[in-house]
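Student: Sequence:
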Amino acid sequence: MRILTAQQTREAEAVAFEKYSTEAQLMLAAGTQCFHAMQKKYGKALEKAVVAVVCGNGKNAGDGFVMARLLHEKCGCSVTVILADKAPTIAEPLQYFQAMGEEVLVKQLESIDSIDADFIVDCIFGIGFHGEARPPFDRAFQLVNDSRAKVVAVDIPSGVNADDGSVGHICVQADLTVAVSTLKYGHVLPPGNAFCGEVRVVDIGIPQDCYSGDYAFTSSSRDIRRLFRPRSKNANKGTFGHQLNICSSRNMTGAGILCARGALRSGVGLLKCAFPKSCYPAYAANLPEALMLPLSENEHKTLSIGCINALEQTLDWADSIVLGCGLDINEDTQVIVSTVLKDAKCPVILDADGINILSAGIDLLEHISTPFVLTPHPGEMARLAGISIAEVQADRIGTAKRMAQKTGAVVVLKGANTVVTDGERVYINMTGNPGMAKAGMGDLLAGMIGAFAAQKMDLFAAAQAAVYIHGLCGDITARELSQRGMTVSDMAQLLGALMSEFE
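The opening position of the sequence shown corresponds to residue 1 in the UniProt record's numbering, with each subsequent residue numbered one higher.
The set of hints was computed from the structure by calculation and includes no laboratory data.
Quick caveat: nothing in here was measured; it's all calculated off a predicted structure.
Ideal Cβ placement from N, Cα and C applies to all residues, glycine included.
Hints may contain errors.
Claimed, not checked - Here are the in silico distance ranges between beta carbons for each label pair:
1. ALA194 with LYS237: 39 to 49 Å
2. PRO207 with GLY238: 39 to 49 Å
3. ARG225 with GLN483: 25 to 35 Å
4. ARG225 with VAL335: 40 to 50 Å
5. GLN483 with ALA14: 37 to 47 Å
6. GLN7 with SER500: 38 to 48 Å
7. ARG225 with GLY306: 44 to 54 Å
8. ALA360 with TYR215: 29 to 39 Å
Claimed, not checked - 20 Å max Cα-Cα, derived EDC-like pairs, lysine to aspartate or glutamate:
9. LYS342 with ASP316
10. LYS342 with GLU366
11. LYS272 with GLU312
Given only the sequences and the hints, what does the whole structure look like? Please build it.
Tutor: This is how it looks when you write it as structure tokens:
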């Protein structure tokens with residue numbers, strides 16, 4: 001599914017007006033589909049409910065006027081339209097304002113002190129908002145937020161910039177956002193995404209040939225399933241690839257084990273784990289399916305420079321390499337990361353301390369020939385790019401694209417709505433939840449990306465599929481347990497069964 005800017009949306013609508021429809025017809029379709037989305041979400045709770053539809057004086061208000069009439073006619077709701085500014089003057093909204101009927105009450109914002117309703121429909125701005133909310137609109141936002149009603153935002157919550165997710169000092173906090181035609185960047189980028197609640201997209205009949213220009217995209221389970229090839233009946237374990245994980249230190253043994261579990265549950269044929277020898281008891285107890293390569297360690301109980309020969313002898317065996325989970329940072333591990341990147345003959349997934357080691361010498365990435373994936377969280381990206389975390393979060397797509405273009409990597413910028421990019425294509429993930437904000441989640445993900453890469457999946461597709469399934473696994477785990485109580489190990493346990501949806 002496309003993710004568009006406000007301008008791209010307007011351009012698509014303009015083409016649709018010219019070739020297929022009228023503005024009034026699309027407005028009717030938008031209001032009708034938003035009503036159906038609200039009805040599907042809330043069901044019987046809408047019957048005879050008290051509903052306030054808060055409208056501005058732009059085209060978004062027209063959708064609200066259509067919804068007001070339908071809520072009264074179809075659900076028996078007691079509906080009041082609250083005009084935040086003045087009565088509509090644009091032809092199409094005015095048409096539907098006049099068609100609401102006498103049963104729908106109309107009030108001016110200045111005449112009310114509070115909104116007492118079961119539901120509020122936010123049609124104040126839509127995708128046209130930018131900057132700060134000025135009077136009287138800031139007061140309208142505040143009254144909506146002060147109410148105990150369920151809030152349904154049409155297209156995007158008022159006060160959220162549709163192009164970049166930025167917000168002013170106040171914006172509407174929605175429980176449900178009904179995105180019209182497509183997602184907008186404000187639905188998926190922070191901080192605006194936090195104000196959207198649940199997001200549902202409705203089709204209002206704009207044909208695909210009306211859209212043009214570059215855009216990011218998101219995926220459904222059906223889209224992700226298409227990335228996987230059927231597993232042949234005549235396959236053997238070599239068919240599904242050899243993965244080498246170079247991970248762990250004595251103090252972070254679990255990172256490598258979680259990475260290995262992610263790989264094993266994602267279908268890799270053979271997994272070999274390289275780690276400091278003091279980690280062997282933990283690996284042997286937890287990973288009976290993996291091949292073990294315990295290696296020499298230094299006084300810090302991390303891999304030592306003395307293990308490089310043994311590592312180099314196994315690099316040619318690998319179809320993918322995951323490097324960095326729990327590795328720790330010192331002179332020895334710095335040399336190991338540099339050597340593996342230079343000598344690897346297969347895709348490398350660089351995670352955690354592998355990325356942190358590069359922060360002091362990112363130019364190394366410009367000179368390696370093997371394809372690779374970088375999987376930073378915002379803090380790691382900030383160190384890698386030489387900027388602040390706030391700057392990363394303010395421009396997640398741009399930061400990730402620039403890093404991909406600079407290094408030639410597929411970049412996975414983790415966080416809410418993880419960004420995957422190769423510098424041209426941009427995928428924004430919609431699965432996952434706050435319960436996944438826990439140590440070890442990235443290790444599991446790195447193992448999954450490595451497994452898909454070992455199975456000869458295109459690196460961008462491997463990252464896209466892993467991020468989606470990882471988030472979906474987190475969503476299912478949260479439903480079965482709780483966001484607070486779920487762990488990475490719970491997700492790893494569930495992952496194998498979840499993969500059946502993608503065979």
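Student: None of the hints should be skipped; say for each whether it holds.
Tutor: Structure-based check of all given hints:
Checked against the hint of 39 to 49 Å, the C-beta distance between ALA194 and LYS237 comes to roughly 44 Å, which is consistent with it. The hinted range of 39 to 49 Å is satisfied by PRO207 and GLY238, whose Cβ atoms lie roughly 47 Å apart. Taken as a hint, the range 25 to 35 Å holds for the pair ARG225 and GLN483, whose Cβ atoms sit roughly 26 Å apart. In this structure the hint that ARG225 and VAL335 lie 40 to 50 Å apart at CB holds, the actual value being about 42 Å.
Take GLN483 and ALA14: their Cβ atoms lie about 42 Å apart, and the range 37 to 47 Å holds. A C-beta distance of roughly 42 Å is found between GLN7 and SER500, which places it inside the suggested range of 38 to 48 Å. Against the hinted window of 44 to 54 Å, the Cβ-Cβ separation of ARG225 and GLY306 comes to about 45 Å, which satisfies the hint. Distance hint for ALA360 and TYR215: a CB-CB separation of about 36 Å, consistent with the stated range 29 to 39 Å.
Distance check on the hinted pair: LYS342 and ASP316 sit about 13 Å apart at the alpha-carbon level, within 20 Å; holds. Our distance criterion of 20 Å between C-alpha atoms is met by LYS342 and GLU366, whose separation comes to about 11 Å. Distance check on the hinted pair: LYS272 and GLU312 sit about 14 Å apart at the alpha-carbon level, within 20 Å; holds.
Consistency note: the structure conflicts with none of the earlier hints.
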